[in-house]
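Colleague: Chain by chain, the residues:
6 protein chains.
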Amino acid sequence: MAPTKGYAPVDAMELPRFSGLRTFMRLPHVTRLDDVDFAIVGVPFDTGATFRVGARFGPEAIRSSSVTLRPYNAALEIAIFEVSSGVDFGDLPVVPGYLPESHSRITEAAKPIVASPATPIFLGGDHSVSLPLLRAAHATRGPLALIHFDAHSDLWKGYYGGKDTHGTPFRRAVEEGLLDLEHSIQIGLRGPVYDAGDASISAELGFEVLTGPELHRQGVPSTIEQIRARVGDRPAYLTFDIDFVDPAYAPGTGTPEVAGFTGTESIELVRGLVGLDIRAYDVVEVMPAYDPAAITSLLAANLVYEFISLDAIARRKR
Amino acid sequence: MAPTKGYAPVDAMELPRFSGLRTFMRLPHVTRLDDVDFAIVGVPFDTGATFRVGARFGPEAIRSSSVTLRPYNAALEIAIFEVSSGVDFGDLPVVPGYLPESHSRITEAAKPIVASPATPIFLGGDHSVSLPLLRAAHATRGPLALIHFDAHSDLWKGYYGGKDTHGTPFRRAVEEGLLDLEHSIQIGLRGPVYDAGDASISAELGFEVLTGPELHRQGVPSTIEQIRARVGDRPAYLTFDIDFVDPAYAPGTGTPEVAGFTGTESIELVRGLVGLDIRAYDVVEVMPAYDPAAITSLLAANLVYEFISLDAIARRKR
Amino acid sequence: MAPTKGYAPVDAMELPRFSGLRTFMRLPHVTRLDDVDFAIVGVPFDTGATFRVGARFGPEAIRSSSVTLRPYNAALEIAIFEVSSGVDFGDLPVVPGYLPESHSRITEAAKPIVASPATPIFLGGDHSVSLPLLRAAHATRGPLALIHFDAHSDLWKGYYGGKDTHGTPFRRAVEEGLLDLEHSIQIGLRGPVYDAGDASISAELGFEVLTGPELHRQGVPSTIEQIRARVGDRPAYLTFDIDFVDPAYAPGTGTPEVAGFTGTESIELVRGLVGLDIRAYDVVEVMPAYDPAAITSLLAANLVYEFISLDAIARRKR
Amino acid sequence: MAPTKGYAPVDAMELPRFSGLRTFMRLPHVTRLDDVDFAIVGVPFDTGATFRVGARFGPEAIRSSSVTLRPYNAALEIAIFEVSSGVDFGDLPVVPGYLPESHSRITEAAKPIVASPATPIFLGGDHSVSLPLLRAAHATRGPLALIHFDAHSDLWKGYYGGKDTHGTPFRRAVEEGLLDLEHSIQIGLRGPVYDAGDASISAELGFEVLTGPELHRQGVPSTIEQIRARVGDRPAYLTFDIDFVDPAYAPGTGTPEVAGFTGTESIELVRGLVGLDIRAYDVVEVMPAYDPAAITSLLAANLVYEFISLDAIARRKR
Amino acid sequence: MAPTKGYAPVDAMELPRFSGLRTFMRLPHVTRLDDVDFAIVGVPFDTGATFRVGARFGPEAIRSSSVTLRPYNAALEIAIFEVSSGVDFGDLPVVPGYLPESHSRITEAAKPIVASPATPIFLGGDHSVSLPLLRAAHATRGPLALIHFDAHSDLWKGYYGGKDTHGTPFRRAVEEGLLDLEHSIQIGLRGPVYDAGDASISAELGFEVLTGPELHRQGVPSTIEQIRARVGDRPAYLTFDIDFVDPAYAPGTGTPEVAGFTGTESIELVRGLVGLDIRAYDVVEVMPAYDPAAITSLLAANLVYEFISLDAIARRKR
Amino acid sequence: MAPTKGYAPVDAMELPRFSGLRTFMRLPHVTRLDDVDFAIVGVPFDTGATFRVGARFGPEAIRSSSVTLRPYNAALEIAIFEVSSGVDFGDLPVVPGYLPESHSRITEAAKPIVASPATPIFLGGDHSVSLPLLRAAHATRGPLALIHFDAHSDLWKGYYGGKDTHGTPFRRAVEEGLLDLEHSIQIGLRGPVYDAGDASISAELGFEVLTGPELHRQGVPSTIEQIRARVGDRPAYLTFDIDFVDPAYAPGTGTPEVAGFTGTESIELVRGLVGLDIRAYDVVEVMPAYDPAAITSLLAANLVYEFISLDAIARRKR
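Protein chains in written order, with numbering that gives the first Met the number 0: chain D, 0 to 317; chain U, 0 to 317; chain Z, 0 to 317; chain L, 0 to 317; chain S, 0 to 317; chain F, 0 to 317.
Quick caveat, the hints were computed from the structure, so don't treat them as lab data. Watch out, some of these pointers could steer you wrong.
One copy or any two copies: either way a pair holds, since identical chains are not told apart in the list.
The list that follows gives simulated cross-link-like pairs (lysine to aspartate or glutamate, EDC-like), each with its CA atoms no further than 20 Å apart [unchecked claim]:
id, residue 1, residue 2
1, 316, 181
2, 110, 175
3, 4, 107
4, 156, 10
Generate coordinates for the entire structure from the input sequences, incorporating the hints supplied.
Modeller: Written out as structure tokens, the structure reads:
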């Protein structure tokens, strides 16, 4: 292997990839982030789920599937650990069954991570966790452009009398001014909704929207251009709900929607964002109990790998 | 939710989607169809299956996967229950292990449904059930154009000495004059057959045929045009064998064939039929014992959802 | 089939057991309980779960597995529906992700059921639901003796700073005076606990306790005698956490504990309670996502069947 | 390995047990039975199944699980292939979906096997196949004592208007005089039935009956004595429905019943029959689609192994 | 069925496809290859696997999934058994746990097969088996052009100090001069590698390379042209690692890589090679323990079917 | 929680048990063993497996299932971490596919662990790993009495021409003088073997043997006495092959044998060894790919928990 800058994975020539503790990519488990460029951080919380549950085991599954990832990204031509020092931070504290308190704990625990030199990459957890993570990000960085891959807008006002769930985080984020809406975009929305108003709410709130059918029509290259044009040079937060992907590629999720996107399209879309100024990432809604062949967590691990690669390229340029 | 015309699903804001009895979309279970626009009807019969068996549990699985469907179809811009009153009729009577008697019972039980104001949408069961359903449809409506999505032509003369199976229903339907053959079309045929005659029989019997490889070459939009041109304004019966879909998207079926179609293509093909005069629908060959992540039944439920949407659009226009 | 008193299952000679909607035993779905002797009631709530989650799908799974149950209990020699009229009430309202509010709704919805002539049999849901159900029972019936089958005492003060979870319901019930402690008993406790205090808390709070190892040593007949002696003629509430059973027999649960009991032992223990004055029952913690062969829900359905049988025998005697 | 008499398995020291074609125990596939002592014969028919289906794949699964069986039965102290020459005959012809015709074909194909010097051991298929097999056995051997392990009596008159299914074979066998009823016994019956008449019909028809609860009470050694006393020295047919076994040990079956027997009890019961004059055996209702860890087919393969051992011991004595 | 030339599958009209022993396509099990045109040969060896293991069960799974294949390939318009006589040879001898010895045994056992008139089609096993198979092929035929479908180049020098694994076979083949490198091509390489050198090694060693991203960009028809141009009229060996395919279509493999190819693309690529002079084929890395719906082995069986078809077309032309 | 002596698990009241990295019991990952009382050590090697493979993933699965274990063993009345300081050492180095070299590496890496103050508890891996572990133990401690729970004696001379596999470790250990044979015992042997010699070899080599049928007959308490009498006060090595347990309780293993023991019996047997002088432990042959409900790894984790408890009790006494 090539020389590495700082923290790097266990060498697979020394210890086979099936051995050792399951940190992400078998990176060191480190919680002091002074000399770290990216940190993988689990957020095992799923009390916000309104249908299937179990994304609390998402971080474990993604870490388990990540051990086959190797350090050189040939498609992006980046030797990650020559540029970046990366660690697995472990998990943020949560209180299962208690959303408001968990969200508070997540925000508080995420603030120093966001404020550190490391780019955080969060592993959900249900999509409700993006809200406390955005709050933490906002505390340090102010409003961020949102790059949001998802089958659902997650902009509902609330279920069952106003409560927060995994269907509401970005409504709250808009209300709280956490987002740089003019540069935010939702990509891949599709599937049945409650009424016509649901279908138009994203645009009304100020997001640019690219629905699933539109993405199918225009294809990946145009979509990349559209996202890049929208986000521009603004600091951004990228959130990737695994149900953006078709159930054939990502069965292990809470509210799968048919007519989604392939793994190839998903990976290519992320790669296409090279050069954007993304300050934090999350991938959410991976649910291993519904993922009998573990292809969902494998895809999620690869998306994280592309996030790491984008971040390393950005650092190389600086 | 918007106001509804008649029977409509349980409101998910009142009762979460994982609660309550598993009717399709959590519609009321009603068997009197006077003021009903569409009726979901199970046909849990699989004695016609010649390889894997178990489609008798197809209706249960499709109903279970349907509970996440919401009432507004954003792609087709239709608020279904503002236009349509829909119910789950329950299942037709069958005698497991006895094909001829079951077919008789199915035909007799389906006749009043077909004759009612409601558009029936049948959930198989193996593909043999389309024959008694076509007999019932013919009794009221005369010959119908067949829109047939399938990997197989199901036109064999019979296995093992002339017997009816799930490979023979449309041969019988042709022989009995149940179809408006000049306006009928088979889409997606592929996979190995017994001999060259098998490959040409559809055309010889009078069907227009679009094989799987042809559909892959010409794409979805042209195919939609071809189907629409073939069917024209004739009253039609749409039958969808889930093995039209590729095993990656629909593993839970009896005789899967590789090199099939994606979920997106399947949904788009159905949406493209908007405006045709379809009098009855079925989706068949969903087999939950081979569907470990339940993605097959989820896709089938979504196909039914598109059938409901087509029907509601037709009613809105009247 | 023999003549039946009132509501009874669909006749399997008319409609095969795999057909029709999945109510418990294919009983009528009825919510008016005037002339009903027992009512099956789902409580699909699992926000109290502290490890694996997904018991919200327990009622669906138990109902699905119940369709093979037939009306004559040969072991107890009771033709259930000659004596009892039984229904499936459907599910109680819950708010996923919100324990306090859900518990309130459950209590309110359960009160009229408990106050009706029907004996309620609740299908969980995680074990936290026993608390609001006991509150409802207490409102009508006053303190009840608790017959509690479980691997865990569920008497923790609370996790993570005092919160209610599925590990705390009976602590709360004791504190609120819902139980007739002098006649209450916990059976089957086993597995690692936090400290020595955990192991003695049941007795300190006033329960009689029969640990798992003790039950293994003394056997089923002595245990039945011990329970009967403890409960006597007091009105009782029976709660059965499926993790009482060994993981080989009940893998589909949230916190399985090895060295548990067999299905046979479980069924025999319940049958041995014939003649006790049990006013309400629940079976909880069935989690179908971890039950690949559906044997857990099958066993739970059979336990409910024995509950129904005990109730019918009690009614026959009156 | 020790010298062998005739046909014997592939030597695992030469070819690992995971290699080669999946005949039972990797025995030669031979259909001429002149110099054969036992023959394994598949009967892949399941159209008689009234609930779950798929036992047509039972023979494939049992063969696949049998490859780890080795030639010396230490418990019974018999080196099978020093005494016996054994083969895998392959499968009998069936017509899926057509019970009467399949039963005819099975009977005709089984007759020469039963009449050969080889002891046949049949692998079902659903339990309806025992009827045509008994017809074939009767044609050569006259009435046979039935040793019947099962959760169900399979003595129903017929479902849905008199039809044969897997719940009726022994009623038909009694009616046709195929059984030596005075020496026949049913062991393990349990679970809910339709009415009190169902529970008593076995005895009324002339069988000795040992219910599941009785067997649990009296234990294996007394049960062995009871069976031996009943059968005496009469030529017998042993039929083993895998649902005799508890679902924890045999989940992969069509109508599992809780409170069944362990694998150990099952094996010991069969071993206890050493010395009886058993002329033919079957094991039925193995359904691999519901057997995710393949423990059901493994147990079935081991039961067959014990049948082979009993037969070899009998031959050694002659 | 049409008349057949020699050995041919069991007629599905006589014996249903779920019956009989699991040879490939239910072909006769024959090891003398004098009058045979193609032979299916299992190589159940997986000791070369560096991550997941279990491809030793690949041949069993592919054979099991092959039984639904019918003799006429409609896409290529070839009635296979009118032209070809085909058999299932069984498996080659291996010693699990011992790579060098197993490779020797495989080579020795494969040599007479390669030298026979039959075209061999090998079923792996992990990819290390291609090395001893190429050695056998080379012994008779000299260097062969390699047509290599794979996510990985399998050109590593060795893991853990120079050892052979499934990641090294083609490095060894190059070193030993087994390949006609000027006409060899690797197709589909993708996924993370160790360093930039890994990404360029194929070209440096002399292969033409078409990476996964390149194939996604240029599409199937151009790729077919590129392969045909590279291989020309040279005698070739085609090796197909199932991880060429996307995990959605082929989850059951040892080192799945996201962003792969669909089943349709895979089948079309193989069909596009009609007319090339391919002397031997293998499909490797099918791992049934990770293939819960058996779609991987089904796709592998279909790839073999296309290999057989290519071979039959070549024979028809001669 | 009670005060702890040294290294102890993460507090579940602080961080829920589903969060954090998967070390055993969420103990600290520490490789310096100076002040450690017990160390959990993975040995992810499975190249010795002769049938199913995949035990290399055993340590990951056991660690994942261990997170629900709590620190007080109520059955043995021991607060583990008041007495013991425990860590997860991580995994020993292995070379997949190369048994001799891996065994060497394992021995070398295990030697300092065995020589440390910590009691090692090894997680296999296939059973071949016990051989290099015994070599390491012998280097420091001399011959140890072997307490061997297993369905198989693992005393074969070798497969396929003398090679070491998971069926041979204890033959080698005897040959190399690693064992204190006079005080060694094998418990639970059962299932078919190759010939009569296999059944007697254990006794011939000097082991005391308690076969599976004998253990079933004499029961757990007598067996505990027998083991204690045999081992006496000699320093011992306990090896537990998970296939000692019945497949219903431990399906996830490589060569399951029916008629095994329950989880309860297994746990009670281990508890019964309290007070023996056991210097090292292993649990082997856990194979998660065949363990769909993860009950095998759960049982293995609990066995390890009992080992830890035995060790803590021994330390308390000193």
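Colleague: Hint by hint, work out which the structure violates, then give me just those numbers in ascending order.
Modeller: Numbers 1 and 3, in rising order.
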